[in-house]
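Peer 1: With chain W fixed as given, assemble chain D onto it according to the hints.
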Amino acid sequence: MSALPLVALVGNPNAGKSALFNALTGARQKLGNYPGVTVERKAGRLALSDGRPIELVDLPGTYSLSPGSPDEQVTRDVVMGRQAGERRPDALVIVVDAANLDNHLRFALELIALGLPTVVALNMVDLATRDGLELDAAVLSRELGVPVVSTVAVRKRGLDHLREALESLLNGAPRAYPSGEPRDFDANRAEARRIARAAIVRETPSRRLTAAVDRVALHPVAGLVLLLALLFVMFQAVYAWSEAPIAFIEGLAEAAATAVRDTLPDGILRSFLIDGVINGVGSVVVFLPQILILFFFILMLEATGYMVRAAFLMDGLMARVGLSGRAFIPLLSSFACAVPGIMATRTIADPKDRLTTILIAPLMTCSARLPVYAVIIGAFIPARDVGYGVGLQGLVLFCLYVAGIVGAMLVALVLRMTVTKGASGGFLMEMPKYQWPRPQDIALGLWQRAVIFLKRAGTIIFASTVILWLLLSFPRVPDGDPTSQVDHSIAGRIASGLQVVLEPVGFNRDISLALIPAMAAREVAVSALATVYSIDAGDDEAALEQSLGDRLKSQWPLPTALAFLAWFIFAPQCISTIAVTRRETNGWRWPLFMVGYLFVLAYAAAGITYWTATAAGL
Amino acid sequence: MRLTDLPLRQPAYVDLIDWTLLSASEGQRLREFGLCEGASVEALHRGGLWGKGPVACRIGRMTIAMRRAHAAAVIVRTGPVTEADEQA
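Each protein sequence line maps, in turn, to chains W and D.
Sequential numbering from 1186 applies to the first sequence in my numbering.
Sequential numbering from 376 applies to the second sequence in my numbering.
The following block holds chain W by itself, in its conformation from the complex (with noise of 0.2 Å):
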C-alpha cells in the first residue's frame, strides 16, 4: 500500500494548533515519537470530503525556522523533508494566531517560501474579534498568494472549509508558488507587518479579560497567594475527589478474587492469580483515579495559559538556586509523573538548566509514590486532629512533599555550583491570553494519560509481579518444614543478602525485597509487599482477612516505617525514568549520576530517620 498523503500543521505556539490538530482528527490519533529523539509524534487520519483518508501530524510549535530546542529542530527536519522517520509533508496548514497576525505571518511566510502546498489557517478569529479585531482573509489570500481559511477549532465551518482547501490542494497540479530569492529575518518581518495592516479591516480597542485577569495573577502578593491556593486546591482533590471511585475499583479487585477462589481448586494456579495479579496489579490500578485527577488539573493549568503566569510569579525564587522559571512547569509535571516533567524540559532553551531540572525531577513527589505513603500513613500514623480542622495523616503526606521539594532545591543549588557550573540561562516567554479549554481537549487528554497508565500496569507492573511470585513461590517448602515460604523461596535468599545492606537503616527483609522489583516502578513496592505477605499467610484464613496496613502495623517497628517514608522522598528507583533520562541526555552517564545521587540521599534519609526515631525511643 502507497503511504497516505501526509500533511503537517505547522505554527508558532500558542496559535491553537493543538486544539484544531484534536478537532481535524478527534479521539484517532496515534502518539509516538520521532526516532533518536524524545520529541512525541502526534498523528492522526482525517477523511476529506471525497471519503480519501489522509494522515495529519502535529508538528512542534515554533516561532522560526532556526531552531531553540530539540522540539522546534523536529519541525525544521520535517517540513525540510530531512527528519529520520518521517516522510517530507505532502502539504502544510500553517496555523496563526488571527489577533497575533505581525508575528504570525513572519513564520508564515518563511514557512511558504519553502515551495510546499500550502493552505493558512487563520485561527482563533472569534478570540480576535473579543478583542474587537476584525480581518479580511480574502486580503490576506490575496497578499500572502495561497488560500487562507478562517477557523475555530470548535465549529466545524471552518473545519469544512480547511478539509475542501486541503482537497484542492493535494488533487491540484502543481501550482508555481512564491519562491524567488529566501527573504531575511527583517525583510520577512516588514512584509508581515505590510500584510497585516492590509488584512485589517478594523481594530476597536476593547476591554482585555486576559491584562484584567493578569492584575491579580501576577500580582506579587495576590498572585503567589492565587497560586499556593490552587496548589493547595489540587492536592485536596487528588484525596478527596479520588475516594468513591477507589472504592469502586477495591470492589472490583475484591469480587475478582473471591469468584476466582470460589471457581477454582486450592493450588499454583489459584494462588498465581489471587496473589500475584489480583492482589499485585490490583493494588497498582487503585491509584488511576488519583493520577487522573491530577493530570485534570495539570492539563486545565496548560490548557488555560496559567501554567506561563506560574512560572512568571516563581522565576525570582527558582533563579535563587540558579534554575529558570521555565522549570516550574516540568518540575509540577513531575507531581504526576518524572517521565512527562523529563520530556517538558525540552521547552528549555539553557543545556544547563536543562539538565538540572532534569537531575531534580525525580525529587518531585510522582503519583507513584502515592501508594507507599498512603500505605504506610495509613496504617502508622494515627489519623488524629492536630487542631484546625488539620488532620495528622494529611500533615504527613504534606510534609514529604515539602521535603521532595526542599531536597530538590538544595541539590539544585549543589549541581549549579558543580557538575552544571555555569551562567544561568534566564527566562524568556510568550504569555498566551487566557482561554478556556475545549472539554473534549481536556477529556482527550485525559484519555491518553490512563491508557498510558493502564498499559503500564497490565505490562510491567503486570510482569514484575508475576516474576515476584514465582521467585517467592518457588522452591515451595517441602511439608513439614518449619521455614515460611518467603523465606525458603529464592526472592527471600536474595533479599536476606540484600538485608546486610539495608539492616543499619532499619529496613527488615520484607523491604529489602519490595524494593527489589520496585525498581521497575515505585508503586511496585506496595504490590510486592501485598504479594509478601499474601503467600506468607498461606491458608492461614485470619492472616488473609487482613489488610496490607493491619499486617504492617504488626510487623513493622515505627522507626522502620519512618525510615521507609524518608527512603521514598529521594527513592531512586524508576526505570522509566531512568530510560527517559537516558534519551534525553543522549548517553548514560547522566542517568547513572542521577540513580547514584539518589541512593546516597535515600540511604542517608533512611538511616538518619531510623537512627532519630530509635533514639527518641518511638
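Bear in mind the hints are in silico, worked out from the structure with no lab data behind them.
Only a predicted model underlies this, so the values are computations on that prediction, with no experimental measurement involved.
Mixed in with the good hints, there may be bad ones.
Said to hold, decoys possible - Restraint-style ranges between C-beta atoms, simulated for each label pair: (1) W:Ala1789 - D:Ile450: 47 to 53 Å; (2) W:Ala1396 - D:Leu396: 25 to 31 Å; (3) W:Thr1314 - D:Ile450: 34 to 40 Å.
Even glycine gets a Cβ: it sits at the ideal position worked out from N, Cα and C.
Peer 2: Chain D only, in chain W's frame:
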C-alpha cells in the same frame, strides 16, 4: 530610558537594543517575539516581592516575560510617534 525603568502601563517605543547584553539565542528569540527598534512596548507587570523578578511586557501584540537583565538591554522612548516607528 531602559525598559526596566519604564513606569507600568505607559506606552513607549523601542529606541535602541543593546544586543551585546544578550546571548545569540536570547537575541534571536526576542527578535522572533517581535522585538525590534521602533516596536511599541509597554511594561505590564513586575514579578517578585522586591521587584527583582522578571518583567512582563507587551511588544506589539504579544505579551512576553523576560528577566530584568534582558529588559535592561532595551532602551525605550516615550512621547510622540515618529515616522520611523510607523515604518518599523
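Peer 1: For every hint, state whether the structure bears it out.
Peer 2: Outcome of the hint check:
1. The hinted range of 47 to 53 Å is satisfied by Ala1789 of chain W and Ile450 of chain D, whose Cβ atoms lie roughly 51 Å apart.
2. About 28 Å separates the C-beta atoms of Ala1396 of chain W and Leu396 of chain D, a value consistent with the hinted range of 25 to 31 Å.
3. A beta carbon spacing of about 36 Å between Thr1314 of chain W and Ile450 of chain D agrees with the range 34 to 40 Å that was offered as a hint.
The structure fails none of the hints (numbered hints given earlier).
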